[in-house]
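Below are the chains, spelled out letter by letter.
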Amino acid sequence: MARQRKVGPALPLAMDFCSPQTEEFTRISRFFDELRKGRLMTTRCKACGALNWPPRVVCPECMSDELEWVELPRTGSLWAFTELCAGAPLGMEEDLPFSIGIIELDRVGLRLLSRIETPYERLKLGMPVELTVVKLPGKKVMYRFKAKGRR
Amino acid sequence: MCPNAPGSCPRGYPMRKVAVVAGGLSRWGVRKASWRELVQEAGKAVLDDAPDIGKKEIDSLFVGAASPDRLAFQCHVAPLVADMVGVYPTRMMARTEMACASGQAAIRHGWLAIASGMSEVALCLGVEKMNLPDMREAQSTMTAVLDREWDAVHGASAPPFFAMCAQHHMLHYGTTRHQLSLVSEKNHGYSATNPYAHFQKPVTAAKVEKSMMVAPPLRLFDCSGITDGAAAVILASEDVAGKLTDTPVWILGSGQCASGNNSGNWKSLDSWQSMREAARTAYESAGITERDIDIAEVHDCFTISEIIAYEELGFCKKGEGGRFIEEGQSRIGGKVAVNTRGGLLGCGHPLGATGIAQVIEVYEQMLSKVPPSRQVPDPMVGITHNLSGAANVHSMLVLGRDA
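Chains A and B, in that order, give the protein sequences. Heads up, my numbering is the position in the first sequence plus 325, with the first residue counted as 1. Heads up, my numbering is the position in the second sequence plus 69, with the first residue counted as 1.
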């Protein structure tokens, strides 16, 4: 896993874009535990079968609280993309410029937004991308995507 | 699924008529003034515009403010505004927060409070203080407008989102770089005539295309500014308005529609279904069609937003928004005059104040109070539109005057 640089002073909780990920603070800590092992997970409703994104504790379709964890595909295609060149929020200034895209995951009919760990100049609409996981300050992790087969 | 399915919106239910009877603004820009000083400036301006309204008549107060908790480290702001302006509401007061649509939310609440019979006179004041010693305060606060834990955590703020909207609109409909630039050129041209605007110099399309890249294809002059400012209107019931003026500007109708908040729910980046629904509800509730609209204040937070707005508001066919600006149809003298005060691109975008300043523009246009160079000839019907978040919520008002 690539290590993100820690930038700036320690942020008070209300200024940190990455929320607490441990079981003390969230009921979806399993998402982050699995992500540490390289697996992107989400919840699926056992009652109505809806695939939720992001993970939930109550299904927004049928209000059931009987949800199960399922693994999402590690691959997808790049549905839209751009690059942030200026005006980064707190904690991300030293990452500039960075690519951002919306990924259409393979087979599951789900799209999600992600930082793209591939330079903007090399991105093309529809290109295959794959999951990567980065470490963030405070023992946190986050998913990213990158062009498939590239470092 | 949008709950605002066709035909589900109430219309014709008993509501009292509500008029805009006064408007006033602070100077907008990078202001050497604090949050509460901006409030005082707009409060004075609106009360100066309504010399016949005693402050004791103001029984309700709504404060449009997107993030005073972060940008001014102040919660419970409606009572603070009441104190700054010297009004003491006895019927209803609240801060209204809908990010970039917070100002219009204040007006929609004031409208309903009066329309319901609870209130007679409501002050709706919007404000944002965005320029602070560290620019990251505003950048971070605006980034948190998107789903912070799952989208914003990646660094996705408004510019990247609207950049991807532009990418898709260019791909699907052939919208050009030059057409985006023309929106900025038009709106900066109008803001150059607006003494309250942040940006008072014309900007050519060529200058837009040479400006700093923010999030390709969007450059600096494709983006609205980070601006300090406040604006306020006074709304009144028909009974009160009739005593104050012979030329009331009425709120004829309104609409709002939401779609999914997280990126996983964004069905399309360049076709905004919830905007079409909000417009349909607004037009139906006011008993108008898009052909009746003389003046439109639309949410041009980015150049691409105004182009998509032309389409979703029904001013042109889907995909022809680029051609609409190129043909000059959104200029004064075209099919519909859009953003004559200069829009968000020219005036800047103090989040909570924008929706109120837009209503002031329509109000002043209808009373021929704007500088002659941007006066629309005899406007009868006007709309204001705000989007918020990742363009997933759209809010609209329809205003009109008696024939």
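Warning: the hint list may mix true and false statements.
Mimicking DSSO-like on lysine-lysine, the simulated pairs with C-alpha atoms at most 30 Å apart in a straight line are [stated by the list, open to error]:
#1 A:Lys471 <-> B:Lys124
#2 B:Lys336 <-> A:Lys473
#3 B:Lys86 <-> A:Lys449
#4 B:Lys86 <-> B:Lys124
In case anyone wonders, no lab produced these hints; they're calculated from the structure. Quantities reported herein were computed from a predicted structural model and do not represent experimental measurements.
Hint check results:
With a C-alpha separation of about 60 Å, the suggested pair lysine 471 of chain A and lysine 124 of chain B falls outside the 30 Å cut-off, and the hint is violated. Restraint check: the Cα-Cα separation between lysine 336 of chain B and lysine 473 of chain A comes to about 25 Å, which is no more than 30 Å; the hinted pair holds. A hinted pair counts as satisfied when its Cα atoms are at most 30 Å apart, and lysine 86 of chain B with lysine 449 of chain A does not qualify at roughly 54 Å. Restraint check for lysine 86 of chain B and lysine 124 of chain B: satisfied, since their Cα atoms lie roughly 21 Å apart, inside the 30 Å limit.
Consistency note: the structure conflicts with the earlier hints numbered 1, 3.
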